[in-house]
Amino acid sequence: SQQGEEDPQALSIQEGENATMNCSYKTSINNLQWYRQNSGRGLVHLILIRSNEREKHSGRLRVTLDTSKKSSSLLITASRAADTASYFCATGTRGSGAGSYQLTFGKGTKLSVIP
Amino acid sequence: NAGVMQNPRHLVRRRGQEARLRCSPMKGHSHVYWYRQLPEEGLKFMVYLQKENIIDESGMPKERFSAEFPKEGPSILRIQQVVRGDSAAYFCASSPSGGSTDTQYFGPGTRLTVL
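Protein chains in written order, with the working numbering: chain P, 815 to 929; chain W, 356 to 470.
Because the hints were derived from the structure by calculation, they are not lab data. All values reported here derive from a predicted model rather than from experimental measurement. Don't take every hint at face value.
The calculated lysine-lysine pairs, modelled on DSS-like cross-linking and capped at a C-alpha distance of 30 Å, are [as the list claims (entries may be wrong)]:
| id | chain 1 | residue 1 | chain 2 | residue 2 |
| --- | --- | --- | --- | --- |
| 1 | W | Lys399 | P | Lys840 |
| 2 | P | Lys921 | W | Lys426 |
| 3 | P | Lys870 | W | Lys382 |
If you want the footprint, here are the derived chain P segments under chain W, 3+ residues with CB under 8 Å [what the hints assert, rightly or not]:
| id | segment |
| --- | --- |
| 4 | 834-848 |
| 5 | 856-865 |
| 6 | 901-910 |
| 7 | 919-927 |
Every residue gets a Cβ at the ideal spot worked out from N, C-alpha and C, and that includes glycine.
Looking at chain P on its own, in the form it has when it is part of the complex:
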């Protein structure tokens, strides 16, 4: 089965620096989404990029998608201590049931932003 994998597993930076996280996947996708999870909490949707898009921006976030390399990156610019969290990429693929669609998550990147 397909699995997204984030890289690096953990990242520690100083406040104000940029953070880049990468994600690779194995099969064809409809779209790729990035989520954030604060420790012990639920997931917050950050951004969705469709398979026919190459780059997308949302505030301090920039996501790129390279379907030929089956990879995506999430860039957080001018990081803040509040950005400390785990970041997951999730690929959207057809599921088993008719009209079914599911997300496949990687293991995540733990980002620590030091004040």
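Based on the hints, put chain W in the right spot on chain P.
Leaving out everything else, chain W in the frame of chain P:
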């Protein structure tokens, strides 16, 4: 507009007991997904439901686990005769139409501990 609600937030069960996890989707959403997250892991898809129908249960263990989404009331994930390996965080997500470009909105999760 309330988000996805899950209860209880924490649930402790002894081996052999039953666990019932509830999920109320966002208002206007009729598509519900359940995911399981083991410690230090990403989320794994379990089941996708629409009102009164199971669309895709390909990620659900064949025994002891069941899910429903009745016409009225929340979606229920039921685990019978729990074992220690069932200890995990269980997340519910909802979306408006279940399409491939839909964002899935996640609840805060239920953390199940089996003693």
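To see whether the hints hold, each was checked on the structure:
{"no.": "1", "hint": "Lys399(W) <-> Lys840(P)", "result": "16 Å, holds"}
{"no.": "2", "hint": "Lys921(P) <-> Lys426(W)", "result": "35 Å, violated"}
{"no.": "3", "hint": "Lys870(P) <-> Lys382(W)", "result": "28 Å, holds"}
{"no.": "4", "hint": "834-848", "result": "holds (count 3)"}
{"no.": "5", "hint": "856-865", "result": "holds (count 6)"}
{"no.": "6", "hint": "901-910", "result": "holds (count 6)"}
{"no.": "7", "hint": "919-927", "result": "holds (count 4)"}
Going down the numbered hints, you'll see the structure goes against just number 2.
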